Structures are given as structure tokens and as C-alpha cells.
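J.: Take the sequences, apply the hints, and build the full model.
Single-letter residue listing:
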Amino acid sequence: MKHETRESLVSHAEEDPSLDHALVIEGARKTYGGRRAAREAVHDVSLHVSAGRVHGLLGPNGAGKTTTIKMLLGLVTPSAGRFEILGRPATPEVRRDVGFLPEQPYFPPQLTARGVMRLAGRTAGMPATGIDRASDELLSRVGLKGRERSRLSSFSRGMLQRLGLAQALLGDPKVLVLDEPASGLDPVGQRDVRDLIIGLRESGTTILLSSHQLSEVEAVCDDVTILNAGRVASRGRIDDLLNVAGRTSIRAISAEETLPEPVARVVEDVALAGGTWVFSVPDEQVRAVVDALDDAGWRIVSLSPKRESLEDYFARLLAGLGGGE
Amino acid sequence: MFDRVLAIAAAVVADGFRRKLVYVVLLFAVVMAAAIPALPSYGQGIVEAVFREVALALTYVVAMVIAIALGATRLPSEIERRTLYPMLARGVRRYEYLLGTWWGIVVTLALMLASLGTITVLIGWFVYDVFMWRLLGGVFAIWLESGVVAALCIMAATVAGPVIVSVAALAFLFAAHVRSVLFQPGTVAYALYPSLDAFNVINTVAHGQGVTLAYAASMLVVWGGFIGVLLLLAVALFSRRDL
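If you're matching them up, the sequences are chains A and B in order. Be aware that the first sequence starts at 1, since it is given in my numbering, and climbs by one per residue. Be aware that the second sequence starts at 1, since it is given in my numbering, and climbs by one per residue.
Keep in mind that the hints were calculated from the coordinates and are not lab data. Possibly wrong hints are sitting among the right ones.
Label-pair distances were calculated between CB atoms; the ranges are [as the list claims (entries may be wrong)]:
hint, chain 1, residue 1, chain 2, residue 2, range
1, B, Gly224, A, Pro127, 30 to 36 Å
2, B, Gly224, A, Ser46, 57 to 63 Å
3, A, Asp172, B, Thr212, 37 to 43 Å
4, A, Ser154, B, Phe2, 33 to 39 Å
5, A, Asp195, B, Val159, 40 to 46 Å
6, B, Trp133, A, Pro109, 56 to 62 Å
7, A, Ser309, B, Ile164, 27 to 33 Å
8, B, Leu192, A, Ala80, 37 to 43 Å
9, B, Ala236, A, Glu40, 23 to 29 Å
10, A, Glu93, B, Tyr23, 39 to 45 Å
11, B, Ile164, A, Ala80, 31 to 37 Å
If you're wondering where the values come from, they're calculated on a predicted model, not measured in any experiment. Ideal Cβ placement from N, Cα and C applies to all residues, glycine included.
T.: As C-alpha cells, then:
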């Protein structure tokens, strides 16, 4: 019964069939332990990531995000499922087109940044002549210019994270898998990572992004899959998931301390800060509300579909499932 | 494939030297220099043999300690710190990783043992005025045995942590040198027992004529057999492991 409840919450936003899928996971399942003490970490998880899009993989701790990624990348043997990268089964040869940033990457502190990049480039099969040039360019791109020859023992947590990103980008992979890419970064670093991800998407790179930072996911992802207790709890385009059907958000400015009476009767979610009012109204009431505000001398700043924050959506979803931490 | 194996091996060698293994060579040289005055005066010819025996015994201990230290810790630490993940995720096959790691340890040991052997020969030449080049045959045998121990450690490390692997390696070393105590030569058990006695040439080198080319070739065959079996087992075990 509970299973049906979960499935019923799965959004059925259809994937665009005109788009090629750069990543396909179908019916992924992973069971740990023997028959008597079997524990299902991932149950029938499917996701399709269209080429050139950023797909967020969300879920509370233990939801199965990392296990799903590890199955895709050959680090964990799946109990069942089909895994494809760029239209081909995810074999080691095919994975050479994938860059991977694990959660909290570690590098030997005796190495230099360039040493890490050299090893990554050589094991990725890059020609030796091009590795240093590409490394310097990427280190500069992630904000480590001038630190190429620095030993990693002098790097902060955020700098190591940036280095992890740079090694994942080595060789211009067509697909990137990023596990908590903004972990350990300060706000400026987080913004840089977002800009980097957006830039990569614009250059056609497909990105699978696992993150706890919902604001990051909301800012950069086109689609999301939300996992809970090893199952898909919801998936779809982020706009489809977060837009509240049938309601419009209105932002208006006025020195008044109360809303006009005909407006006050129909609005919800009212917020006021510094003379700027934000509230939502049913779509069919928008015309009447705008007219009433005009008549009262208010200035309308914007009208937009009402959108829930990903945090709210996530919390509501998990509360409905009885999951989360 | 070879590029990736060599890249991993080069990283292991570089890491070994960054771990200040060169200090072990220096310590060895100091111990050797200090040990010479402590050797009893057995008379000409005998004291040189005792020197060779002590030098090879010390080299053996150093080689085994380094082989176990590198072989037992490399894989578990790479898994624990997830440094292995980007490599495997990027298409490096698990057997390539294991082969590269073993090869890197073996090359590190070769460089170390070549240094120790050279130091020993030079000290012997300086102190006793005898160019003991046959010692290098003994060092070669020790290197071969340390390569087997490194392969055993890597195989065990695919399923166990460093402490268990180290204990297993020491137990293996002990068991692999007691064949003649346990079984009579010529019996099936004696023939099948996995013994490393083939690499024990300390007596021959210290007191005899050293290692002949034919014997060195036979050691290589035994070495190849051990390495083949151990690394195949390592690959079989590691390919099933979830990381």
C-alpha cells in the first residue's frame, strides 16, 4: 500500500522524445547482503538524462543517490538494470567520455595540483603533450591559477574541491557526473561552481548532479529525480514540479499598510518587505486583482506563475512519504 | 592499456619516494657501517662470508617490510580516500589498476634493492678489499621474493584491511619457508606446497659460488607462477567488490 502511495507521487512529466538521451538508467536495483539479511539500497530506479541538460539527483541521506551513480560508473555491481552512456552500454571504454567528481575528493597531500592533473590525464588516455596545457587552462577555469605547482598540503577544503572539478573536466568529457560539487565551498566558490555548470551546459555537456544543496539544484538543473529509500519519489522538469498549478504570483509596490479590500479577499501567501508586497491569487482572479490594485494607485512590478521553492517541495514530498531525516 | 598501467605504476613509485623511502636506504647504510666493527674476527675469508650473510639478511628484512607496507596499505587507502573512484569511473579497468599498483611496488623495490645492493658491495669493497659482486645475485632473489609478497598483499587487500593483510603476509612468509620441515622431499605434498625456498639463496651467495644464470632463470619461472596465480586471484576478487 505504501509502495502505491510512493508511486502515485511520481510526477509523470514526459521526457521530450526529440532529445537524445546521454544517460539512461533503467530498472536499476542493488541489494546488499545474503538472502537472509538482504537490504535493498536501490529499487527499480530509472532516469533518463537528455544530451546537453543538467539533471539533478536529490534525496535524503541513504536515499540511494550515490549507489545509483556508482552503478552507472562501474564502482558497484548492479543487482539488475540497464545502464547506458551516450547511447551505448556503460562499459569502461564508454566511460572514458565521462568526468566524475566524487563527494569530498581526496588527493595525496604530497602531490602538486599539476601532478594530480597529470595522473588523471594519463589514466584517462590523454596524450602526454596536451595534459599540461589542458591542466593549466582548467586550473585557471576553476580559480586555481598560479597554484599549479603548489603542494596540496597547502590547499584548503574548497581548493581541493575545485581541483576535483578540474580533474573531472580533463579531456573535455561529454558527460559529467558531479557528486556534491559545492561541498566545502564558500558562497563565492558555490557561485563559481554554478556558473561553471551553466557554462558547461551551454557548451553541450550533459551533467548528472547529485546534491543536498537544493538552491544549487534549483539554480542549475533542468530536470530532477528525487529518490527516497531507494525508490524514485518524484521526477520531472523542475518548472513542472515547482510551479503551483492555477495560481499566479504578483509583486506590487505601495506605501499602504493593508491590501485593498477586494484584493485581500482572494490573495494567499502574503509577504511584505520594504513596501514591496508579494502574494498569490487564483489565475482567474488575476485580471480583477490587477484592476483593483491599479484603481488603488499601486504599482505592479511583476506577474509570474506561482512557484514553490525546491526546499518546500522536497520537504512536502518527503513528509508525504513519511521519509527523510 | 599499457599507458594506463604505466601511469598508475609511475604514481605508485613517485608516492613511495614521497613517503621518504629513501630514508630507509640511508638507515640501511648507517646500520651496515655500524655493524662491521661488531662482526667477530673469524679470520680471512670467513669474515667476508659473515658480512655477506648479515648484509643479505638485513636486505631481506628491509625488502619484506617495504613490500608489506606498500602492498598492504595502497589499495585500502585508495578505497577509503576515494582516490580510486575517478580512475575507475573514467574507464580504467580494475585489473589495470591492480597490475599498475603491483608493478609500481615492484619497481620501487627494485630501485630500493639496487641501492642497498650497491651500498653493500661498496662497503665490502672498501672494508675487505673484495669486490663482492655475487651479492647482487642474492639481492635479485630477494627482489623476486618481495615481488611475490607484494602480489600476495595486493590480493589480500582486495578483501581485507591493512592489519589483516600484514598479518596474512607474515604468516604466508613463515609458511612458505617451512616446506622441508613439514614434508619429505619427493612426496606429492612437498611438490605441491607453495614454497618460497627457491628464492632463499643467502647460503649460496654468502658461503658458495653465488647464483648461476640457470638458477636465476629457474627462479624467474617460479616467480612468474606465483605472480600469475596471485594477481589472477586478486583480479577475480576485486572485480566482484563493491566500492
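J.: Evaluate each hint against the coordinates.
T.: Hint check:
Our hint of 30 to 36 Å for Gly224(B) and Pro127(A) holds, since their Cβ atoms are close to 33 Å apart. The supplied range of 57 to 63 Å is broken by Gly224(B) and Ser46(A), whose beta-carbon atoms lie about 47 Å from each other. The beta-carbon spacing between Asp172(A) and Thr212(B), approximately 55 Å, falls outside the hinted interval of 37 to 43 Å. Between Ser154(A) and Phe2(B) the beta carbon distance is about 34 Å. The supplied range of 33 to 39 Å therefore holds.
The hint said 40 to 46 Å for the Cβ distance between Asp195(A) and Val159(B), and at roughly 43 Å that hint holds. Separated by about 41 Å at the C-beta atoms, Trp133(B) and Pro109(A) break the suggested range of 56 to 62 Å. For Ser309(A) and Ile164(B), the hinted distance range of 27 to 33 Å is not satisfied, since their beta carbons lie about 49 Å from each other. At roughly 41 Å, the beta-carbon separation of Leu192(B) and Ala80(A) lies within the given 37 to 43 Å, and the hint holds.
Between Ala236(B) and Glu40(A), the C-beta spacing of about 26 Å keeps the proposed range 23 to 29 Å intact. For the hinted restraint 39 to 45 Å between Glu93(A) and Tyr23(B), the CB-CB distance of approximately 42 Å keeps it satisfied. For Ile164(B) and Ala80(A), the hinted distance range of 31 to 37 Å is satisfied, since their beta carbons lie about 32 Å from each other.
Comparing the model with each numbered hint stated earlier shows that hints 2, 3, 6 and 7 do not hold.
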